[in-house]
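Novice: Based on the hints, put chain B in the right spot on chain A.
Quick note, the sequences are listed as chains A and B, same order. Following our numbering, the numbering of the first sequence begins with 1 at its first residue and continues without gaps. Following our numbering, the numbering of the second sequence begins with 1 at its first residue and continues without gaps.
Rather than coming from a laboratory, the hints here were simulated on the basis of the structure. Accuracy of the hints is not assured; some may be wrong.
The list that follows gives simulated cross-link-like pairs (lysine to any residue, SDA-like), each with its CA atoms no further than 20 Å apart [as the list claims (entries may be wrong)]:
#, chain 1, residue 1, chain 2, residue 2
1, A, Lys122, B, Trp302
2, A, Lys122, B, Val134
3, B, Lys138, A, Ser123
4, A, Lys122, B, Asn130
5, A, Lys77, B, Trp302
6, A, Lys122, A, Val67
7, B, Lys91, A, Ala31
8, A, Lys122, B, Lys91
Every beta carbon over 12 Å from chain B, so not counted as near; a handful from chain A, in silico [stated by the list, open to error]:
#, residue
9, Lys33
10, Lys58
11, Glu65
12, Arg66
13, Val67
14, Gln98
15, Leu113
16, Val115
17, Pro119
18, Thr142
19, Met170
20, Pro177
If you want the footprint, here are the derived chain B segments under chain A, 3+ residues with CB under 8 Å [said to hold, decoys possible]:
#, segment
21, 116 to 128
22, 292 to 300
Each residue gets a CB set at the ideal place from its N, CA and C atoms; glycine is no exception.
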Amino acid sequence: MRKWVMGLVVVLASANLSGCGYNKLQNQDEAVKAAWSEVVNQYQRRADLIPNLVAAVKGFAAQEERVLVGVTEARAKATSIQLTPELINNPEAFAKFQAAQGELTSALKSLLLTVERYPELKSDANFRDLQAQLEGTENRITVARNRYIQAVQEFNVTVREFPTNITANMFDFEVKPNFSVQNEAEISTAPTVSFDTSTPSQQNTPVEGAPAPATPPPAN
Amino acid sequence: MKAALLTLALLLVGPVSVVRAQMAIPALEARVTDLTGTLTAGQQSALEEKLAAFERRKGAQIAVLILPTTAPEDIAQFGVRLMESWKLGRKGIDDGAALIVAKDDRALRIEVQYGLEGVLTDATSSRIINETIVPLFKQGDFAGGINAGVDQMLRVVDGEPLPEPDPSWKRDEGGRVPGGLVPMILMVIVAVGGFVRRTVGRGLAGAITGAITAAVVFAFTTSWIFATVAGGIVAVVVLAMGAGALQVLNGMGGSSRGGWSSGGSGGSWSGRSSGSFGGGSSGGIFTGGGGRGGGGGASGRW
Chain A
1 MRKWVMGLVV
11 VLASANLSGC
21 GYNKLQNQDE
31 AVKAAWSEVV
41 NQYQRRADLI
51 PNLVAAVKGF
61 AAQEERVLVG
71 VTEARAKATS
81 IQLTPELINN
91 PEAFAKFQAA
101 QGELTSALKS
111 LLLTVERYPE
121 LKSDANFRDL
131 QAQLEGTENR
141 ITVARNRYIQ
151 AVQEFNVTVR
161 EFPTNITANM
171 FDFEVKPNFS
181 VQNEAEISTA
191 PTVSFDTSTP
201 SQQNTPVEGA
211 PAPATPPPAN
Chain B
1 MKAALLTLAL
11 LLVGPVSVVR
21 AQMAIPALEA
31 RVTDLTGTLT
41 AGQQSALEEK
51 LAAFERRKGA
61 QIAVLILPTT
71 APEDIAQFGV
81 RLMESWKLGR
91 KGIDDGAALI
101 VAKDDRALRI
111 EVQYGLEGVL
121 TDATSSRIIN
131 ETIVPLFKQG
141 DFAGGINAGV
151 DQMLRVVDGE
161 PLPEPDPSWK
171 RDEGGRVPGG
181 LVPMILMVIV
191 AVGGFVRRTV
201 GRGLAGAITG
211 AITAAVVFAF
221 TTSWIFATVA
231 GGIVAVVVLA
241 MGAGALQVLN
251 GMGGSSRGGW
261 SSGGSGGSWS
271 GRSSGSFGGG
281 SSGGIFTGGG
291 GRGGGGGASG
301 RW
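This is chain A alone, in the form it adopts within the complex:
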């Protein structure tokens, strides 16, 4: 009889442990960490590509110093941030990391825009390979960020939801910061398109009732 009761207690205790969400929290916490490692991995891959890319551009367009220095500096800044695992639990450090990587993204964009003016560079096999690698890496970053966002969302819901929030509180699990859209400001301001390139002052004062811009600005 006593053993029977003991058995029941063990079964109830283990059922209770999984019911309170402790295991779920542990699982999802690990999932977030794994997703974050992939994000860091892909940002690192991008940082590793940049010296080669800069060298390739320099060979054809050394006079574009401003852009090249801009990329190099942004890379140095982005890689100087210590990527400790605690980063994902610290909103300020996370925001700083995101800002640094965002700067590098826009520096790279202006580099690729500049490259458009150098046809020999664009047809250079080495540069084309590097460009393909950079595009692939940017794509992987997007995927890794999306998966991280999903993992964090699931974790955060568990942390806030009843009754798992009690367990989360007990074991100090907090809501984790997530990625936000980088160009929020850009998106929220309506684009103004001027077809008259000779008077750039008009750009900021669109005439009321003028036809809506039918063609978007050329991509890239």
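Specialist: Chain B alone, transformed into the frame defined by chain A:
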């Protein structure tokens, strides 16, 4: 009034159209999926056979999809979603790749799963696209471009030492018993063993429980070796079970709780097994092996 109704209709339809905004992922039924009628039946089956032979020889899963458009998504975003759904490549090896052609967008992409990223690199994929496929596409030779591109992909993947293809490879994790069920299964086995033992005696109980276990394991794994080993272990356990443990479990599994515990687990077993057999690799339909990817590959335009 009309306007109000229209607004209401838009409000009701709005969320639906947002969900529908993404291009639906076509069902994976064959290695070559042509939604545009670009390839003739002969070209399609020749390509299909080439890719099937490659999978039999090398193990890697490569598929081709031709569709009108991926709008409003970029072909790269669509490619990631496609691979999340198709799961090309063997589970754990992730050796899959797809050639996606969005004909009306004049865009194409080679999407590469993790296991092939080392050989079918972004740069290599980009070269296959821009140096082999795009020139032929520009002349309007779609079949030729796709064939030449696939040939190059196969040649590149051939250079990678991958694990041997295994005919009994478990494509789906459904075939495996989930780890969380193991303690429960053990308890059921011991309980049943105890019950049988009380009715028929020690030696026979070991043999009977062992045989039942072997049969169940065989049903799940279709492997005689596993079944024999598991049955043997269970037989030994039942034979060697201490009297104390037996009584405890007899109390739970044998008399009062017997119906509950074996009935409950029996239900979940049969549910899982039918699910796994339904989604398995048997039959002529091509399915992805459970491979994963992270957006590797390259895109191009013509």
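Novice: Do the alpha carbons of lysine 122(A) and valine 67(A) lie within 20 Å of each other, as the hint requires?
Specialist: With Cα atoms ~16 Å apart, lysine 122(A) and valine 67(A) stay inside 20 Å; holds.
Novice: Does valine 67(A) clear chain B by more than 12 Å, comparing its Cβ with all Cβ atoms of that chain?
Specialist: Holds, since 23 Å exceeds 12 Å.
Novice: Are all C-beta atoms of chain B more than 12 Å from that of methionine 170(A)?
Specialist: Fine: 23 Å to the nearest Cβ keeps methionine 170(A) off the interface.
Novice: Using Cβ atoms and 12 Å as the threshold, tell me whether leucine 113(A) really stays out of contact range of chain B.
Specialist: holds, 18 Å
Novice: Beyond 12 Å from every chain B Cβ: check whether that's true for proline 119(A).
Specialist: holds, 16 Å
Novice: Any Cβ of chain B at or closer than 12 Å to lysine 33(A), or is the non-interface label fine?
Specialist: holds, 16 Å
Novice: Does the no-contact call for valine 115(A) survive, Cβ to all of chain B over 12 Å?
Specialist: Holds, because the least Cβ-Cβ distance between valine 115(A) and chain B comes to about 16 Å, which exceeds 12 Å.
Novice: Would the hint linking lysine 122(A) and asparagine 130(B) be met if the CA-CA limit is 20 Å?
Specialist: Holds: lysine 122(A) and asparagine 130(B) sit about 13 Å apart, inside 20 Å.
Novice: Verify this label for me: lysine 58(A) is non-interface relative to chain B, using a Cβ-Cβ cutoff of 12 Å.
Specialist: Non-interface label stands for lysine 58(A): nearest chain B Cβ at 20 Å, farther than 12 Å.
Novice: Would you check the hint for lysine 91(B) and alanine 31(A), treating anything up to 20 Å between C-alpha atoms as holding?
Specialist: holds, 19 Å
Novice: Does lysine 122(A) pair with lysine 91(B) here, judged by a C-alpha cut-off of 20 Å?
Specialist: violated, 39 Å
Novice: For lysine 122(A) and valine 134(B), compute the direct alpha-carbon distance and say whether it is at most 20 Å.
Specialist: Holds, at roughly 17 Å.
Violated hints, listed in ascending order, are 5, 8, 18; each of the other numbered hints is respected by the structure.
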